[in-house]
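*Asks:* What follows is the residue order along each chain.
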Amino acid sequence: MTAHHDATLADSYNFAYLDEQTKRMIRRAILKGVAVPGYQVPFASREMPMPYGWGTGGVQVTAACLTPDDRLKVIDQGADDTTNAVSIRKFFQRTAGVAVTESTVEATLIQTRHRIPESALTAGQILVYQVPIPEPLRFLEPRETETRKMHELEEYGLIHVKLYEDIARHGTIATAYAYPVKVEGRYVMDPSPIPKFDNPKLSNSPALQLFGAGREQRIYALPPFTHVVSLDFDDHPFEASKAPHDCDLCGASDSYLDEVITDDQGGRMFVCSDTDFCRVRQEAGHLGAMAVPNLAGSA
Amino acid sequence: MYVAVKGGERAIDNAHAWLAEERRGDLGVAELSVAQIRAQLTLAVNRVMAEGSLFDPDLAALAIKQARGDLIEAIFLIRAYRTTLPRLGASCPVDTAKMAVIRRISATFKDLPGGQVLGPTFDYTHRLLDFKLAAEGEAIIAPTAPAAMEAVPHVMAMLDRDGMIEPEAFGNALPPDLTRAPLELPASRALRLQAITRGDEGFILSMAYSTQRGYGRTHAFVGELRIGVVAVEMDIPELGFAVEIGEIELTECETVNQFKGSKTEPPQFTRGYGLVFGQTERKAIAMSLVDRSLRWAELGEDYTGAPAQDEEFVLMHADNVQATGFLEHIKLPHYVDFQSELELVRRLRAEVFASREAAE
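For the protein sequence lines, the chains are B and X, in the order given.
0 is the number of the first residue of the first sequence in numbering that gives the first Met the number 0; add one for each residue after it.
0 is the number of the first residue of the second sequence in numbering that gives the first Met the number 0; add one for each residue after it.
One should not assume that every hint holds.
To be verified - Once the Cα atoms are required to be at most 20 angstroms apart in a straight line, the calculated SDA-like pairs of lysine to any residue come out as:
| hint | chain 1 | residue 1 | chain 2 | residue 2 |
| --- | --- | --- | --- | --- |
| 1 | B | Lys22 | X | Thr178 |
| 2 | X | Lys64 | B | Met49 |
| 3 | B | Lys89 | X | Asp12 |
| 4 | B | Lys241 | X | Leu347 |
| 5 | X | Lys109 | X | Phe268 |
| 6 | B | Lys89 | X | Glu8 |
If you're looking for bench data, these hints aren't it; they were derived computationally from the structure.
Nothing here was measured: the structure is a model prediction, and the numbers come from that model.
Let the hints inform the model, and build the full structure from the sequences given.
*Replies:* Structure below.
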């Protein structure tokens with residue numbers, strides 16, 4: 000029944016769901032985005048068979064980039080097995096029949112929500128981000144008509160004032176994720192809600208980074224080796240922070256960690272949010288404080 | 000011992016199976032057919048067609064069945080289907096003056112050519128629960144009269160002849176398509192109307208209501224409300240003339256709005272316009288009020304800061320498929336972001352407590 004259903008679904012829709020005209024329209028927006036790094040290109044976002052907010056922008060960008068030879072990886076919160084990552088991966092398995100993988104190094108295209116993989120990306124790879132609010136100035140100025148003008152005029156004083164007020168009030172910049180960046184000294188860009196720990200990985204990456212916001216109808220891009228700087232002040236430099244722990248499963252001290260509550264007595268442990276990174280390390284024999292040796296490698 | 004949660008795929012499959020079972024409900028009760036929904040829940044079908052932007056009562060009924068009666072979910076199903084359909088071309092503008100009306104009322108004139116036709120309306124029903132309906136009642140046959148072949152001209156055309164209402168520019172320009180190009184502001188009136196007609200009924204209703212209560216004033220009278228069937232014609236290039244390809248039911252509302260004149264415009268009545276698929280009169284009336292309210296700039300009126308005057312506010316928040324998606328997405332995992340906030344708040348708290356201790 001399921002097999003039959005999948006076959007009819009794949010037959011009745013074009014490769015990777017979208018029709019070729021729509022893909023062409025999206026590719027044009029992507030090319031424009033690549034030509035003007037960090038600039039938000041309006042595009043005629045389509046209604047996808049998943050809700051807005053579930054990654055419709057990322058899905059459309061992925062659909063426009065996929066070829067039958069691609070090997071796709073989908074992560075949400077760094078993990079391959081979160082429900083929405085599973086759902087999006089399944090969507091492309093059904094509609095494009097592409098190979099899938101959980102391995103960051105083997106993937107040719109990675110769609111992500113809220114994380115950049117820990118292992119360095121390589122030339123030829125594409126990283127597609129799902130973006131909820133593409134406008135870094137949105138919460139300072141709700142009007143799109145205004146913020147577009149501010150970008151045009153490179154009028155970014157407001158965002159520096161906001162960061163300054165944070166420091167005046169809290170002694171530190173109180174933005175922990177979706178930390179704004181400046182691209183090649185021109186456009187201020189929202190890196191999507193990745194933790195600021197991931198911000199340094201945006202810069203000078205050999206991979207192509209594409210950002211898709213479906214509901215807001217915007218695409219933007221960081222071509223390979225684009226210089227990206229997190230906004231800061233000379234006396235309050237940007238700091239990529241994480242929980243001050245090592246991973247309790249693989250022992251990594253340099254990866255972003257999720258906090259897992261293990262009981263109702265305040266017990267907790269810290270584990271890598273990037274599940275592939277953690278698995279590879281465990282298989283290589285790295286063990287954290289709470290790892291069970293015989294389980295390592297079998298997960 | 001902690002083992003990371005796996006099995007998202009099986010959980011999803013099982014959730015879908017459970018959903019399907021819940022949708023069908025008690026097997027002891029006969030299954031609802033799509034034909035029943037189409038024939039007996041017509042106003043729900045109409046709303047789904049209007050906000051789904053697809054005139055197909057069978058598909059709308061199917062969507063309502065699949066969505067378990069959740070109309071926004073049904074609208075979403077229709078939109079997702081609609082977006083995959085090829086665009087074969089554009090029809091000629093429909094001529095609502097030639098509508099075969101089932102309902103046509105004017106609040107501005109007691110009688111007029113074509114007459115007042117109440118049609119199948121709830122307006123003068125007493126809202127008393129009809130318990131006879133609980134015990135499957137027999138078919139009601141309404142009295143009929145032969146269709147009047149008399150023309151039913153628009154009330155607005157009559158006002159227009161006297162120069163009492165602002166003239167409407169006639170044009171054959173192809174309007175922009177909201178579903179094929181990103182919405183850019185400021186939007187033309189055609190584009191605004193397109194966004195409002197597929198906007199959420201509740202949102203448009205509340206926006207219109209707010210103008211009546213004083214957040215921007217529309218001073219609206221229903222010049223005319225008409226519901227009926229119009230022919231859809233399309234120019235066939237090979238033939239060189241337009242051919243009727245089908246008919247659709249529409250609700251059209253034209254409001255007449257008091258206007259004392261501005262620096263640029265003489266005193267006259269102004270127009271608000273609503274046009275919606277199906278019998279959807281609440282939506283059509285609300286649409287015409289919101290349309291009028293958004294026209295303040297072209298008429299040289301003051302912007303009073305009312306939400307219904309704010310094009311960006313209205314157009315960016317009217318779509319319920321967008322709104323519900325973004326609203327509900329906050330139930331998806333956000334633990335990476337939350338973790339970063341946790342650490343930030345912990346650090347800020349530690350600093351506050353440390354400075355308090357130092358002060359003591």
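*Asks:* Now, for every hint given, state plainly whether the structure supports it.
*Replies:* Hint check results:
1. B:Lys22 / X:Thr178: holds (15 angstroms)
2. X:Lys64 / B:Met49: Holds, at about 18 angstroms.
3. B:Lys89 / X:Asp12: holds (11 angstroms)
4. B:Lys241 / X:Leu347: This hinted pair holds, its Cα atoms lying about 14 angstroms apart.
5. X:Lys109 / X:Phe268: holds (18 angstroms)
6. B:Lys89 / X:Glu8: holds (9 angstroms)
Every hint from the earlier list agrees with this structure, and none is contradicted.
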